[in-house]
Amino acid sequence: MCPDDVGRCFRDRESAVKKKIEPNSQEVVLGSGEMIVSKTDLTGRITYANRTFMRIANFAERDLLGVQHNIVRHPDMPRGVYRFMWETLKSGQEFFGLVKNMTADGAYYWVFANVTPDLDASGRAMGYFSVRRPPPADAVRAVVPLYEAMLRAEREAGAANAPDASMALLHKTIEDLNTTYDKFVLGLYKG
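Just so you know, the sequence shown maps onto residues 1 to 191 in UniProt numbering.
One should not assume that every hint holds.
What the hints assert, rightly or not - DMTMM-like, lysine to aspartate or glutamate: derived pairs with alpha carbons at most 20 Å apart:
1) K183 with E87
2) K39 with D63
3) K20 with D63
4) K172 with E156
5) K190 with E34
6) K90 with D120
7) K39 with E61
8) K183 with E94
9) K90 with D164
10) K90 with D182
11) K190 with E94
12) K172 with E148
13) K172 with E87
14) K39 with D120
15) K190 with D138
16) K183 with D138
17) K39 with E94
Said to hold, decoys possible - Now the in silico label distances, taken between C-beta atoms and shown as ranges:
18) L65 with V131: 17 to 27 Å
19) D176 with S122: 21 to 31 Å
20) N24 with Q93: 26 to 36 Å
21) P75 with L119: 31 to 41 Å
22) P145 with R124: 21 to 31 Å
If you're looking for bench data, these hints aren't it; they were derived computationally from the structure.
The structure presented is a predicted model; accordingly, all values stated were derived computationally and were not measured.
Ideal Cβ placement from N, Cα and C applies to all residues, glycine included.
Using the sequences and the hints given, assemble the complete structure.
Following this line, the structure appears as structure tokens:
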């Protein structure tokens, strides 16, 4: 237990858990009727995780509550997607996206994520509410090449500029398709 510095305790626990996880090629599949639900505070710390989230991600509740949601971030996910997500949420809009996550034992699972600001009675954001559903296999196949290109852009740009570089590539791709991000992602989800 960490009675003096709870924040540091959570950061130390997150760091220890993430260092132990090595990605592998084992896929966990979310059932067709299943939904992963979680809530976070404004900084992305998990305040609620449903049983489906715990089962699919293979984390106990005590290992999720109070830690950053990025504990399930798979290294195959471009940082630019998360930069775009945070910009979208902080502007008060909801975010849709196809996301590859990692379980506590290194397996991966794909989800179609919908993240929305959780507002108080006066309309101020108190945190974020996320519902993740199984994505169509065609949607995953369609987005993988884009994410791979975004990851290449991140490596070429270096760590400090990686999120901006891959987000710029995402914006250019959407612009070249003559659509909006939401229409692009929702189109992938609907097939």
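The hints, checked one at a time:
Taken as a hint, the K183 and E87 pair is honoured in the structure, with Cα atoms around 17 Å apart against an allowance of 20 Å. For the suggested pair K39 and D63, the alpha carbons sit about 15 Å apart, so the restraint of at most 20 Å is met. The hinted pair formed by K20 and D63 meets the criterion: a straight-line CA distance of about 13 Å does not exceed 20 Å. Distance hint between K172 and E156 is fulfilled; the C-alpha atoms sit about 17 Å from each other, no more than 20 Å.
Restraint check: the Cα-Cα separation between K190 and E34 comes to about 17 Å, which is no more than 20 Å; the hinted pair holds. For the proposed pair K90 and D120, the alpha carbon gap of about 15 Å is at most 20 Å, so the pair holds. Proposed proximity of K39 and E61 is supported: the alpha carbons are some 13 Å apart, at most 20 Å. With a C-alpha separation of about 13 Å, the suggested pair K183 and E94 falls inside the 20 Å cut-off, and the hint holds.
Simply put, K90 and D164 have alpha-carbon atoms about 17 Å apart, close enough for the 20 Å limit, and the pair holds. Using a Cα cut-off of 20 Å, the hinted pair K90 and D182 holds, with the two alpha carbons roughly 16 Å apart. Distance restraint check for K190 and E94: the Cα-Cα separation of roughly 18 Å lies within the 20 Å cut-off, and the hinted pair is therefore satisfied. For the proposed pair K172 and E148, the alpha carbon gap of about 15 Å is at most 20 Å, so the pair holds.
Taken as a hint, the K172 and E87 pair is honoured in the structure, with Cα atoms around 17 Å apart against an allowance of 20 Å. A C-alpha spacing of about 14 Å is found between K39 and D120, which places the hinted pair at or below 20 Å, so the restraint holds. Taking the CA atoms of K190 and D138, the gap is near 10 Å; set against the 20 Å cutoff, the hint holds. The straight-line distance between the Cα atoms of K183 and D138 is roughly 16 Å, inside the 20 Å bound, and the hint therefore holds.
About 14 Å separates the Cα atoms of K39 and E94, which keeps this hinted pair within 20 Å; it holds. In this structure, L65 and V131 meet the distance hint of 17 to 27 Å, their C-beta atoms being roughly 18 Å apart. Under the hint 21 to 31 Å, the C-beta atoms of D176 and S122, about 41 Å apart, miss the expected range. The hint said 26 to 36 Å for the Cβ distance between N24 and Q93, and at roughly 35 Å that hint holds.
Checked against the hint of 31 to 41 Å, the pair P75 and L119 passes, with Cβ atoms roughly 33 Å apart. A beta carbon spacing of about 39 Å between P145 and R124 contradicts the range 21 to 31 Å that was offered as a hint.
The structure is inconsistent with the numbered hints 19 and 22, although it conforms to all the rest.
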